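4 protein chains.
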Amino acid sequence: MKNTFGNSISYTLFGESHGEEIGIIIDGLAPGVEIDEEYIKLQLMRRRPHGKISTARQEKDEYRIVSGVFEGKSTGTPICILIPNTSKKSGDYSSLAEIPRPGHADFAAECKYHGFQDYRGGGHFSGRLTAPIVAAGAIAQSVLKKKGIYIGTHIKSIAGKKDRDFSCLEDDIKALSESIFPVLCEASEEIMREEAEKAALDGDSVGGILECAVIGMPGGIGEPWFDSVESILSHALFSIPAVKGVEFGAGFGFSEMRGSEANDAFETDGEKIYTKTNNNGGINGGITNGMPIIFRLAIKPTPSIFKEQESVNMKTKENASLKIEGRHDPCIVHRAAPVVDAVVAMVLCDLLAGRFGTDFLS
Amino acid sequence: MKNTFGNSISYTLFGESHGEEIGIIIDGLAPGVEIDEEYIKLQLMRRRPHGKISTARQEKDEYRIVSGVFEGKSTGTPICILIPNTSKKSGDYSSLAEIPRPGHADFAAECKYHGFQDYRGGGHFSGRLTAPIVAAGAIAQSVLKKKGIYIGTHIKSIAGKKDRDFSCLEDDIKALSESIFPVLCEASEEIMREEAEKAALDGDSVGGILECAVIGMPGGIGEPWFDSVESILSHALFSIPAVKGVEFGAGFGFSEMRGSEANDAFETDGEKIYTKTNNNGGINGGITNGMPIIFRLAIKPTPSIFKEQESVNMKTKENASLKIEGRHDPCIVHRAAPVVDAVVAMVLCDLLAGRFGTDFLS
Amino acid sequence: MKNTFGNSISYTLFGESHGEEIGIIIDGLAPGVEIDEEYIKLQLMRRRPHGKISTARQEKDEYRIVSGVFEGKSTGTPICILIPNTSKKSGDYSSLAEIPRPGHADFAAECKYHGFQDYRGGGHFSGRLTAPIVAAGAIAQSVLKKKGIYIGTHIKSIAGKKDRDFSCLEDDIKALSESIFPVLCEASEEIMREEAEKAALDGDSVGGILECAVIGMPGGIGEPWFDSVESILSHALFSIPAVKGVEFGAGFGFSEMRGSEANDAFETDGEKIYTKTNNNGGINGGITNGMPIIFRLAIKPTPSIFKEQESVNMKTKENASLKIEGRHDPCIVHRAAPVVDAVVAMVLCDLLAGRFGTDFLS
Amino acid sequence: MKNTFGNSISYTLFGESHGEEIGIIIDGLAPGVEIDEEYIKLQLMRRRPHGKISTARQEKDEYRIVSGVFEGKSTGTPICILIPNTSKKSGDYSSLAEIPRPGHADFAAECKYHGFQDYRGGGHFSGRLTAPIVAAGAIAQSVLKKKGIYIGTHIKSIAGKKDRDFSCLEDDIKALSESIFPVLCEASEEIMREEAEKAALDGDSVGGILECAVIGMPGGIGEPWFDSVESILSHALFSIPAVKGVEFGAGFGFSEMRGSEANDAFETDGEKIYTKTNNNGGINGGITNGMPIIFRLAIKPTPSIFKEQESVNMKTKENASLKIEGRHDPCIVHRAAPVVDAVVAMVLCDLLAGRFGTDFLS
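Protein chains in written order, with the numbering used here: chain A, -2 to 359; chain B, -2 to 359; chain C, -2 to 359; chain D, -2 to 359.
Because the hints were derived from the structure by calculation, they are not lab data. Only a predicted model underlies this, so the values are computations on that prediction, with no experimental measurement involved. Honestly, I wouldn't trust all of these hints.
Lysine-lysine pairs mimicking BS3-like chemistry, simulated, CA-CA at most 27 angstroms apart [as the list claims (entries may be wrong)]:
#	chain 1	residue 1	chain 2	residue 2
1	A	273	B	314
2	C	269	D	144
3	A	273	B	304
4	A	70	D	314
5	B	314	C	304
6	C	314	B	70
7	D	312	C	273
8	B	312	A	269
9	A	144	B	143
10	B	320	A	314
11	D	273	C	304
12	D	269	C	312
13	B	269	A	304
14	B	269	A	312
15	A	269	B	269
16	D	320	C	269
17	C	49	C	38
18	C	312	D	273
19	D	304	C	314
20	C	320	C	49
21	D	273	C	320
22	B	320	A	269
23	B	144	B	158
Excised from the complex, chain A in its bound form (with noise of 0.2 angstroms):
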């Protein structure tokens, strides 16, 4: 359905980046849900770009819910959430609609729209919306973590540069929530911020590794074959700008082990039956088993760099030089895990609600 995701819960995004305003559509949510407006404006907090090797446009995402929430709850009926656009310098990206950026979506958006398309500041595909996902999943969030689940993604590498796996996860994920540069070691931080002080120098960007982890999810969610609790996350997850790869568990890993390796055994303590280990990350033949749901996405390096590159203009069809001007991330792997949280949330919400009713995440 385009730019409308979810069943139970569903969720439309709209706007572009130099448009009036950005939004989005909860539609679904049980009634009766308070909203914490805290902590929707922590978590767009933790999306907005910080220091040097963030981008220089400033924008305030002062959110306004237009409807939906009736005396600090949830009615039950579609919450929208609209966030206007401030910081626009439109002029900055005037010759877009001629050459495209390598690596961008502005010659496949104009294989689609035919010229059409805004393509200011790449219009509707770009990163800005991530603001109002933001926004939403934070609502989800908020649910969930009433129902002990709990979602933690943290930066698994930037350029190379490792932080430590997750040992206590419930731990671990609590501290990452807050954070504007999610990593388990804190010297890790320094390490990776100074690769991407190093790309920024040159004129370039650098890429990374995000792993998410959620606690609390019961098992016997999702669905065999298409509607996969790996088919659901992954749909949703490669949605979000420069997401190239999705694995769940062991993922890759597993191309090298052998079976017995791989299988998680069994074990009870006369009650609850979990495993020993968890290499399938949560998920066995599509359905979560109870045990934490663990999975990587690979996130590119943004596209937007200073150094001059080689594209074409679309127009004259004649070979062009590009040099990019304006605000630019050298580096969106930290913004990136607020939009994985809420995604993930998203997901959750709707999953739980599609199983146990609509009520039961009021």
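Here the structure of chain A is known, so what remains is to put chains B, C and D in place on it, guided by the hints.
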């Protein structure tokens, strides 16, 4: 939609490993499509077990098309393909009702279906259901070929033993589509098979990586955000049993690249615009750019192994050991290749019909 | 979604009048539902032609459930019901490829399928496909009855000859659900049958009105706006061949009422809240209010009549006259009643599963 | 999908009568569609209250298009139309939290939303939300007109006072589309208004019937079974508040016809094939046959009346009497006409885009 996938053209899957019949419904295919029965048989043959590294269960896969085809051509109304299960040995599986196989869906299914699932041979979760998928995909592939769109999947690695990379895509793809062990470098087959046989002798299994390329797709297909081509493809691909990772283009390799390396420079011959590299795997901003679509899938080792494993008794809530009987594949990587081809073809037909209308593929 | 209907529980229909098999997939039904085969047979029997005012084509409707049921209970995975076509006389229909029957889908199908449709006996458009719908609906009705929800449809009129109105809904409904000519006033059957037989003698056919009531539905089901209960029900009901009108509660009668008559006053016994009248047919603002759901359907006269009719030759683009051979029903109003029951049951199960979760109906 | 409707082109509605803003998202409209702001304003003007038989609440409906339109043309990405609520008098409605208005959604909403609904002015159920629908429909109508497809709705009757029938559809339709009281026979307006005013003087309200005709739709649109054109249209039409019946072509009149009268004979001029009558309202077997689409809707009398009514207190579970204050329409039949035009246009654009591809309407 659970066991239904697709919008303009949808696919509905049903059946269990030891049920009476398994099958698939294809709805929305253009009228007038010639049904190439030989091609369906060829693809089903590719999926069937062959040789030492596959299960001894031999199913003839004698499918019947009971609706939607008239005088050899699609009518435009739902096509139902049925495949009877003939080689069932249900006795083999009776213990699964109580003791779940590690790495399999048995326990997750118990969480979801509360003991009512058909546990025999994995029931609805069985890889057996990929047979109707392959049959439907064969029809989809025939349709795409008429439009100049070709799909090819090779075994990138099994147990760490690698095939060569794609070089000339056109030739490579054509060679793959009829192979029962699709590798680009003939010599690698022997090495991979040896690894799988070694594991089999140990009562164990091996995993691997598949790589798929699609040529001929026009630019401008897909949607920004929630229905990006990566989203839709990964959604469908993660429904294939044992797939635990999907990456497009450079995928996880992006994490150590800089933007200047990762970005695919544009070039034109004065008519067509293309990119000099294809790190983005033919997709930018979720939309095809006219370059080949390239992605890789992590295939976990078959969870059914003959080694004794630790499990639990789900009814008595006691620890238990499990020794699987029955007929199993020590390696399913090669058998998954035609399933990937099928799933990709199904998705692309749906996307094209949505973009260009329901008669486009006729 | 073309031949698929429903969200939490979906139904996918396939087959043609003279194809090999027709059938339906039910996906999303809770696990553990007992499949009452006798009830399915009873409902199929009600739909089958009986007596002088029905077609002479006698189909035994020997259905097979080939998936999704294990040891007599639903597994929670897709249930596929197949019904073979046995009494086919394709020769009867060969002229339909060229000369469309007035009032039938033949010409519209030609516009859509460009000559590739299976024209025999109306192909996919045939009323024959209501057999699998009735089978699926019988399962849905069994499920609803366990929740205290009962559906009953009576023949409000045939050729203007009227049945009495509903009086005591509970008793009336129970009497209807097993009848092959469901009227509330026994005497009216004879009068209606006479009208139909008279038309049959003239080589003609008759139409009528069906009225359906549902008791036991809780309040608070449905959605405002696009998924109102009226929207969802009418969507499903208009898929039944020959239905050309649907009205809820007072329906078209509202057009001559004043608000003070039309509004259903509320009343309470201190516990339950109900309305004193039920002009709104149990639905306000698209949402159930706990009162019986009441609606009526206009059923057009069977378009297959033996009288000579004016038509055209679609290939030669010449005017042509048509004299239909074959076996036809001069009246299908009574046979449509169990189809209405089935469709309503399917919709309500879907709505309840969406509202209360996928296990609710188990 | 609750507040989202459509497949190829979808519409998502949000807002409450007394919330900050109401609006709609149009997703999937072809790029390059010129947005005719004057036409949007014209249609919004038609929907607004005028004169004695309408509410005194005067909303200017100053809409803003905040996304999806660039340089006056659609971009192909989601169009968000926002309309602020300015003339709110929330005090008028405070009692509705406890005492539901007969004939309104208040009680059904309480069943569904457990007291969390925004009860002011009917909240999300308010007819006020038809304003964004009309705005979206105006865009859809502009698009259709370029394809030669015209929609016109007249007041067939109010309080039993009738307009003349359609005669020359083309002329009739064009006359209707700009009228604020769309009747075919000018004289009937006066008579209908008198009836409505009489009711208003009694503190009461009146209902009526709308009849809609569409010319220019090609044959071959729609699907057999669950997505018949009747199914899709009625689904959308029953989402309009106060609609309680929908009938196509001869509709309920079919119930007293014989097949020989009801069947529409075919005729050809050697090129085009058409029917001599149009009892089927342009749809056979759920699919358009190229003839005008004709249907009628029953509109119930406005439930908001000033007469004292019997109700209950939902909190205390006591019987209560209700005297509604505030500003209300004694007749909304005429104001519903542009809403019907809008909804029909939205549906037809979706169907055409699905059939002929997403660029078809550009």
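Hint by hint, which ones does this structure get wrong, listed from lowest number up? Failing hints, ascending: 2, 5, 9, 10, 15, 19, 23.
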